[in-house]
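Now for the letters of each chain:
Number of protein chains: 2
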Amino acid sequence: MKNEKIPYKIYLSEDEIPRAWYNVRADMKNKPAPLLDPVTRRPITEDALAEVFCRELARQELDDTNAYIEIPEPIHSFYKMYRPAPLVRAYCLEEKLGTPAHIYYKFEGNNTSGSHKLNSAIAQAYYAKEQGLAGVTTETGAGQWGTALSMACSYFGLDCKVFMVKVSHDQKPHRREVMRTYGASVTPSPSDTTAVGRKILAEHPGTGGSLGCAISEAVETAVNSGGRYRYVLGSVLSQVLLHQSIIGLEAKTALDKYGVKPDLIIGCAGGGSNLGGLISPFMGEKLRGEADYRFIAVEPASCPTLTRGVYAYDYCDTGMICPLAKMYTLGASFMPAPMHAGGLRYHGMTPVLSQLCADGLMEATSVTQTSVFDAAVTFARVEGILPAPESAHAIRVAIDEALRCKETGEEKVILFGLTGTGYFDMMSYAKHNDGILTD
Amino acid sequence: MKNEKIPYKIYLSEDEIPRAWYNVRADMKNKPAPLLDPVTRRPITEDALAEVFCRELARQELDDTNAYIEIPEPIHSFYKMYRPAPLVRAYCLEEKLGTPAHIYYKFEGNNTSGSHKLNSAIAQAYYAKEQGLAGVTTETGAGQWGTALSMACSYFGLDCKVFMVKVSHDQKPHRREVMRTYGASVTPSPSDTTAVGRKILAEHPGTGGSLGCAISEAVETAVNSGGRYRYVLGSVLSQVLLHQSIIGLEAKTALDKYGVKPDLIIGCAGGGSNLGGLISPFMGEKLRGEADYRFIAVEPASCPTLTRGVYAYDYCDTGMICPLAKMYTLGASFMPAPMHAGGLRYHGMTPVLSQLCADGLMEATSVTQTSVFDAAVTFARVEGILPAPESAHAIRVAIDEALRCKETGEEKVILFGLTGTGYFDMMSYAKHNDGILTD
Chain A
0 MKNEKIPYKI YLSEDEIPRA WYNVRADMKN KPAPLLDPVT RRPITEDALA
50 EVFCRELARQ ELDDTNAYIE IPEPIHSFYK MYRPAPLVRA YCLEEKLGTP
100 AHIYYKFEGN NTSGSHKLNS AIAQAYYAKE QGLAGVTTET GAGQWGTALS
150 MACSYFGLDC KVFMVKVSHD QKPHRREVMR TYGASVTPSP SDTTAVGRKI
200 LAEHPGTGGS LGCAISEAVE TAVNSGGRYR YVLGSVLSQV LLHQSIIGLE
250 AKTALDKYGV KPDLIIGCAG GGSNLGGLIS PFMGEKLRGE ADYRFIAVEP
300 ASCPTLTRGV YAYDYCDTGM ICPLAKMYTL GASFMPAPMH AGGLRYHGMT
350 PVLSQLCADG LMEATSVTQT SVFDAAVTFA RVEGILPAPE SAHAIRVAID
400 EALRCKETGE EKVILFGLTG TGYFDMMSYA KHNDGILTD
Chain B
0 MKNEKIPYKI YLSEDEIPRA WYNVRADMKN KPAPLLDPVT RRPITEDALA
50 EVFCRELARQ ELDDTNAYIE IPEPIHSFYK MYRPAPLVRA YCLEEKLGTP
100 AHIYYKFEGN NTSGSHKLNS AIAQAYYAKE QGLAGVTTET GAGQWGTALS
150 MACSYFGLDC KVFMVKVSHD QKPHRREVMR TYGASVTPSP SDTTAVGRKI
200 LAEHPGTGGS LGCAISEAVE TAVNSGGRYR YVLGSVLSQV LLHQSIIGLE
250 AKTALDKYGV KPDLIIGCAG GGSNLGGLIS PFMGEKLRGE ADYRFIAVEP
300 ASCPTLTRGV YAYDYCDTGM ICPLAKMYTL GASFMPAPMH AGGLRYHGMT
350 PVLSQLCADG LMEATSVTQT SVFDAAVTFA RVEGILPAPE SAHAIRVAID
400 EALRCKETGE EKVILFGLTG TGYFDMMSYA KHNDGILTD
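Heads up: the protein sequence lines correspond to chains A and B, in order.
FYI, the numbering for the first sequence is 0 to 438, going by numbering that gives the first Met the number 0.
FYI, the numbering for the second sequence is 0 to 438, going by numbering that gives the first Met the number 0.
Here chain A stands alone, though its shape is the one from the complex (with noise of 0.2 Å):
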């Protein structure tokens, strides 16, 4: 039987915003493979790495033993302009289903980056300023990662350097102002300001660039800024989970609020931020022994890395300067068909991700883009938010797992992250409202 007191959406108050954030790797009997050097393939060191990123972020990098790392003061202040995020009860979405199954998921797109990516990028960016840097530099594709930075590095005051997807940046000309708004300098990447930029260009004239390739350019950048910039990344790497761990840690004490236990725990999964994030602490209790629960990451058909690709070290980036992380990659070189999921068309997966895949500790499944437009509709008609098409990609398996509930009866508990929302996707809905979008 339902319970009918758990009200649409739970919010924490401020006071229950976490104060430390949660590191899974502390937990995990198989750590993720240590990330190599590209040019002795060696392990890599807290100084090699600090060369690329700030060296606090180099540090957590590296960390697979503290459990819980305190969230500095700043940027737990900045957390309460948007956060504690909302976990909603999707009870529209359930009657529309007719399903006995209980559905939740938590909703992180209530701020103007539009997605999750906020809660790594001010933890980021307030690195970088202690460290005293002048700014950053990053590569974002659909856009959210650079919208999120471009906030961060505004709040505290520092330059931020986005390399940008030439054809993201071509197609989506308001992610770009939003970008610029908050003080952003925006290149269209492959571009001609960079060694490896020029590379590409003269090997593929007229290419729409890649993010694998707009990771080069910004590395190249920070690199070779006399130790003023540093780069920053939005997702694969450990430290990323880490800060996104936020997601799962508020979403817990939500449901144990209400006494509820999720039986079923579903993600999109691109570089994997939000999906580790997400999962990070109840995946913590299924290491230790203290509760057990399925987890589901969803990949788009078109770019299927942990349901086809090959667990293996491989590099981060199409330049091949960045380290090497043990992964399931599709291989560097890869590059997606054209699709719309933008933040999701990564060829590899962050390791930690991988690893659990790899012991069996998580599934993985792919979806069209077509049934994920579909659901992307349906929910957005009855739950009031147009999702990102990203984010379709769990509410597609969250709604594909609970007609199965209908079918059995049985009343399972089932929890997904819907990442952001789909504002600046507008015209891939259009597509998919001519029917002329295709799998």
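Honestly, the hints are just simulated from the structure, not real lab data.
Keep in mind that a hint or two might mislead.
Repeated chains share a single entry, so a pair holds when one copy, or any two copies, can fit it.
As the list claims (entries may be wrong) - Each computed DSSO-like pair below joins lysine-lysine, with the alpha-carbon atoms no more than 30 Å apart: (1) LYS260 x LYS8; (2) LYS79 x LYS411; (3) LYS325 x LYS198; (4) LYS28 x LYS260; (5) LYS79 x LYS95; (6) LYS95 x LYS260; (7) LYS128 x LYS8; (8) LYS30 x LYS325.
For chain A, the structure is supplied; the task is to place chain B on it using the hints.
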């Protein structure tokens, strides 16, 4: 001394969502002048109004005696999807300005329609559904109202025909696609689907349209539907202010919790729906002699209805088929110069606010576009929310008043309405970013 115990965001609980709207007309000694029938020029009857509007809405439109009107359960239930809306203490803005003032804003943008318009859209859709109608017709300018109505109609399974001012239809394809995603049909106005549209097209070939013209087309379509459709409107009408009172009621409840009494209440004013809703319960106290507040309506210098219009009977639409309202007006044929706060381009002002202004109970001021965008960017960078250009009119005056407090040392409490987000206005921000925006 600042009371630091007040959180960044004051969220009410779901059971604190108001159960009744507040009808400020009940407490007005000088009632707004009655609407006049466009044919007879006599006060319009409920029956005549009910030919255009839903029956219950016609009743609400003429009700100037009942102070509270109960919110039907299905509307209240929908409100739970996105309400209560947060009341935010603008700590970061205060710090940025170095002002002793305490600034609060009621943020209505955390829903997919991106604005407060949904508060009335869901009510109007509900009454249309209750009456057994097939659907509703409406007009939209900037697109906020059309988006809100599409969401509301989708929820109740009603057809929704939106006439969108042609210039917006072409310049804001993203808005159009949100409406289509929610199942609405969107027709650029003027169109050849109505007599009034064909007449305007013949007289002004190539015109980009206007709100007044789109209203005429929507009304004609409803009136000629054989009773299956009614027309609905997102502003100006007293019924809309009634529904929007939920903004003020929630804001007041949140402030009362912390014993905070605003000195100054500020809102942007186009047709007056947001401002009217925000100030209603506070104005009620003022009218009943229980408290005093200063109210400021902010309008664009390019469409200065309250500050430079005349207080007289005028048509609400260009086609002159709607009832006449006594209001501050620039004339039904007024065509504002192209500017970007599309939602503030209406030639008139809701009769309730017009009367309150005429009685000296409320002030009005106008601001220029470049100063508005400057305020918008300042606000976005410290408060993390990218405001709609409409909302930024209120931000401009709130900042100016806070800076005045800095000079005088006064610790005034300022409350303003942040009606929505600017995600669909990025091309205006682009002009600002490029320094080519003019007044």
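Hint check:
Taking identical chains as interchangeable, the C-alpha atoms of LYS260 and LYS8 lie at most 30 Å apart whether they share a chain (17 Å) or sit on different chains (28 Å). In this homomeric assembly, LYS79 and LYS411 come within 30 Å of each other (Cα to Cα) only across copies, at 24 Å, whereas the closest approach inside a single copy is 32 Å. In the homo-oligomer, the alpha carbons of LYS325 and LYS198 lie at most 30 Å apart inside one protomer (27 Å), although the nearest pairing across protomers, at 69 Å, exceeds that limit. For the homomeric pair LYS28 and LYS260, the shortest alpha-carbon distance inside one copy (24 Å) is at most 30 Å, but the shortest distance between copies (56 Å) is not.
Taking the shortest alpha-carbon separations for LYS79 and LYS95, only the inter-copy value of 17 Å comes in at or below 30 Å, while the best intra-copy value is 34 Å. When the C-alpha separation of LYS95 and LYS260 is checked against a cutoff of 30 Å, the pair qualifies only within one copy, where the shortest distance is 23 Å, while the shortest distance between copies is 43 Å. In this assembly of identical chains, LYS128 and LYS8 lie within 30 Å of each other by CA distance solely across copies; the values are 26 Å between and 35 Å within a copy. For the homomeric pair LYS30 and LYS325, the shortest alpha-carbon distance inside one copy (11 Å) is at most 30 Å, but the shortest distance between copies (73 Å) is not.
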